[in-house]
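**Q** For the protein sequence lines, the chains are A and B, in the order given. FYI, numbering that gives the first Met the number 0 numbers position 23 of the first sequence as 22, with every residue one higher than the one before it. FYI, numbering that gives the first Met the number 0 numbers position 214 of the second sequence as 213, with every residue one higher than the one before it.
No incorrect hints appear here.
Identical copies carry no separate label here, and so any pair may be met within one copy or between two of them.
The list that follows gives simulated cross-link-like pairs (lysine to aspartate or glutamate, DMTMM-like), each with its CA atoms no further than 25 angstroms apart:
no., residue 1, residue 2
1, LYS68, ASP140
2, LYS52, ASP117
3, LYS68, GLU131
4, LYS311, ASP273
5, LYS110, GLU234
6, LYS106, ASP117
7, LYS68, GLU92
8, LYS110, GLU131
9, LYS17, ASP288
10, LYS22, ASP154
11, LYS68, ASP117
12, LYS22, GLU234
13, LYS17, ASP154
14, LYS106, ASP140
15, LYS284, GLU9
Simulated from the structure, these hints should not be mistaken for laboratory data.
2 protein chains.
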Amino acid sequence: MSDIKIHCNEEKGQKFIKDIEQKQFLFSFVISYTETCEIPGITVAGANTDFIKFTPAADAEFLHYGSCKSIDMIPMTPDGKPTPALLTKAALESASIPQVIINAGSKISPKLPYFQTDITPGKNIAIEPGLEQSNVMHAIDCGRILGRTLASCTDCLIIGESIPAGTTTALAVLKGLGVDAHVSSSMPKNPQSLKNGVVEKALKRSDSKEPYDVIANVGDPMIPFVAGMLSTASEITNVILAGGTQMAAVLAIAKSTGYDENRVAIGTTSYIIDDKDANLLDMVKSISDIPVLSINPKLKNSKFDGLRAYSKGFVKEGVGAGGSMIASILKTGIDSKKLLELIDKEYSRVTTSQ
Amino acid sequence: MSDIKIHCNEEKGQKFIKDIEQKQFLFSFVISYTETCEIPGITVAGANTDFIKFTPAADAEFLHYGSCKSIDMIPMTPDGKPTPALLTKAALESASIPQVIINAGSKISPKLPYFQTDITPGKNIAIEPGLEQSNVMHAIDCGRILGRTLASCTDCLIIGESIPAGTTTALAVLKGLGVDAHVSSSMPKNPQSLKNGVVEKALKRSDSKEPYDVIANVGDPMIPFVAGMLSTASEITNVILAGGTQMAAVLAIAKSTGYDENRVAIGTTSYIIDDKDANLLDMVKSISDIPVLSINPKLKNSKFDGLRAYSKGFVKEGVGAGGSMIASILKTGIDSKKLLELIDKEYSRVTTSQ
Numbered sequence: 000m001s002d003i004k005i006h007c008n009e010e011k012g013q014k015f016i017k018d019i020e021q022k023q024f025l026f027s028f029v030i031s032y033t034e035t036c037e038i039p040g041i042t043v044a045g046a047n048t049d050f051i052k053f054t055p056a057a058d059a060e061f062l063h064y065g066s067c068k069s070i071d072m073i074p075m076t077p078d079g080k081p082t083p084a085l086l087t088k089a090a091l092e093s094a095s096i097p098q099v100i101i102n103a104g105s106k107i108s109p110k111l112p113y114f115q116t117d118i119t120p121g122k123n124i125a126i127e128p129g130l131e132q133s134n135v136m137h138a139i140d141c142g143r144i145l146g147r148t149l150a151s152c153t154d155c156l157i158i159g160e161s162i163p164a165g166t167t168t169a170l171a172v173l174k175g176l177g178v179d180a181h182v183s184s185s186m187p188k189n190p191q192s193l194k195n196g197v198v199e200k201a202l203k204r205s206d207s208k209e210p211y212d213v214i215a216n217v218g219d220p221m222i223p224f225v226a227g228m229l230s231t232a233s234e235i236t237n238v239i240l241a242g243g244t245q246m247a248a249v250l251a252i253a254k255s256t257g258y259d260e261n262r263v264a265i266g267t268t269s270y271i272i273d274d275k276d277a278n279l280l281d282m283v284k285s286i287s288d289i290p291v292l293s294i295n296p297k298l299k300n301s302k303f304d305g306l307r308a309y310s311k312g313f314v315k316e317g318v319g320a321g322g323s324m325i326a327s328i329l330k331t332g333i334d335s336k337k338l339l340e341l342i343d344k345e346y347s348r349v350t351t352s353q
Numbered sequence: 000m001s002d003i004k005i006h007c008n009e010e011k012g013q014k015f016i017k018d019i020e021q022k023q024f025l026f027s028f029v030i031s032y033t034e035t036c037e038i039p040g041i042t043v044a045g046a047n048t049d050f051i052k053f054t055p056a057a058d059a060e061f062l063h064y065g066s067c068k069s070i071d072m073i074p075m076t077p078d079g080k081p082t083p084a085l086l087t088k089a090a091l092e093s094a095s096i097p098q099v100i101i102n103a104g105s106k107i108s109p110k111l112p113y114f115q116t117d118i119t120p121g122k123n124i125a126i127e128p129g130l131e132q133s134n135v136m137h138a139i140d141c142g143r144i145l146g147r148t149l150a151s152c153t154d155c156l157i158i159g160e161s162i163p164a165g166t167t168t169a170l171a172v173l174k175g176l177g178v179d180a181h182v183s184s185s186m187p188k189n190p191q192s193l194k195n196g197v198v199e200k201a202l203k204r205s206d207s208k209e210p211y212d213v214i215a216n217v218g219d220p221m222i223p224f225v226a227g228m229l230s231t232a233s234e235i236t237n238v239i240l241a242g243g244t245q246m247a248a249v250l251a252i253a254k255s256t257g258y259d260e261n262r263v264a265i266g267t268t269s270y271i272i273d274d275k276d277a278n279l280l281d282m283v284k285s286i287s288d289i290p291v292l293s294i295n296p297k298l299k300n301s302k303f304d305g306l307r308a309y310s311k312g313f314v315k316e317g318v319g320a321g322g323s324m325i326a327s328i329l330k331t332g333i334d335s336k337k338l339l340e341l342i343d344k345e346y347s348r349v350t351t352s353q
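Only chain A is shown next, with the shape it has when bound in the complex (with noise of 0.2 angstroms):
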């Protein structure tokens, strides 16, 4: 277990391992989008600005069959980064974790057969409010409802996400709320001047501080769905919020909604925990009296370019690899070596078989 990192609430950290030791895990990968993401220079995610809508379908697709269907390649940068998708696959496989896919305001379907909650995507918080107030409490609602029957079949639920630009939306959100919030970005240069600046833009709409009102004006549709599936999931069930920055925002809005703060951690990328330009922990302590778990991945000693630059400051988290790793290494005792050994053959199967 050395190779999992306790922070935050160190006590509540073990006993939350401990739970969850050799247990049944379930991954849920929740996929969202808001057109904030059509900013040029804002998120990384997608190879070229077209594609960004379709790379949480991509995602999906890539962590059931391993190649994708909307899309004819995997997502990655044309030099070679893939998607975290690639580790958390890896991950899940190598401790047979199921997983369950949700549109949750996806522009674009993935092709294999989801959860459709009828959220709609998100709006351009620059431009317009993010979110109607009656899709902010609908995603909620759908939350609640499927946080309580995936929880009902699993000892720990693993929630991850990807949606572009998602950490600017979390951003604002946090902001919003009067955190003192640092965000991670995809990127090593994190393009903070052009966040803020639209962060700055969307707060300048409304004075509200009321949760819900700060979600409709400079959220996500992920951030109140995710809120949902966790206050509902963790009356049953232990919970591993499975991301960066992004997580601290659902934990925010998770305060109104209500959850149980002895079966929730956040489980990350040591990439994010050591990222100097974001605040995770701090942000965490902040919010919530939870512990944070984080694993290193040790993508440096990849035999590929393309994996080694996560440690570089690229990707760094995503699809709930950081958790759904942490999983794998509770669930089988494998440790991160073994881990990146699988991770590496994933990587030369995809770069062999494009």
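Got chain A sorted already, so can you dock chain B onto it with the hints?
**A** Okay, now just chain B, sitting in the frame of chain A:
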């Protein structure tokens, strides 16, 4: 356990029961559609013909909310015979069994989160082939994916269905495959000559005895989808095919998709077993060596006419009612008398709140 009767392979039935007693169950509710139900007089599902297509979605909503959203009332005949979803709901709630809805070709989507598959609704087999060949394969593929996922989350996967006129397409598929088939009806006067006329007409279009050809010509989307589910799910866990004669058609097709005979049972009501117009047990014996479990819900002792009608040949089964009641008994040790109290209570709630 004396409330549950074992038919066909007694020994396998006892082992099956032993394997799932006091274990975790998951109910999956497959909703679908065939335009065959638009033939006047062929089904009682739906209070009137305009509403038939809403019935599967309304059943799904009722299971979850206890009321319907797509229509203003719960599916019930004008004189108060309720949808079998009422029995299913009481049974699942009594045992805290979680449920997921799967849209496998329903014309109407339920107003709650559900698995989307993009399977096309079936055509009227009296007029044209029920499914395109590609839709048959797509249904099987989707079934395989969801069967694998859901089976990984439970000790026993219950599969129920709602597809108006599904007994007619089931009859056609069974006859097309050379099974000596007599199917049940949701009406006490089984419109056999009408059904047989439709089936005869449909079967005349093709001489092929190839299972996938037969399904395409005279089947509905539910049958190949559930056959696909069964094939992967039974590799992983125990499966209750919760239904009557339609599940015989699923079994017949599942011979082609493959499945583990040692981990599947049909679970149904005694009204199906006692139906003199049908021959479920003989059909099952001729197709496969699996047990059939039945439960007598003793609705003749109900306080309400609408429920007593079940014991007089109305409705009989549907929405996985029989399998759900069996699961409730096996999970919790409740008896059928107590279950009837809960069913009566639910009927009272529903009819009072209308």
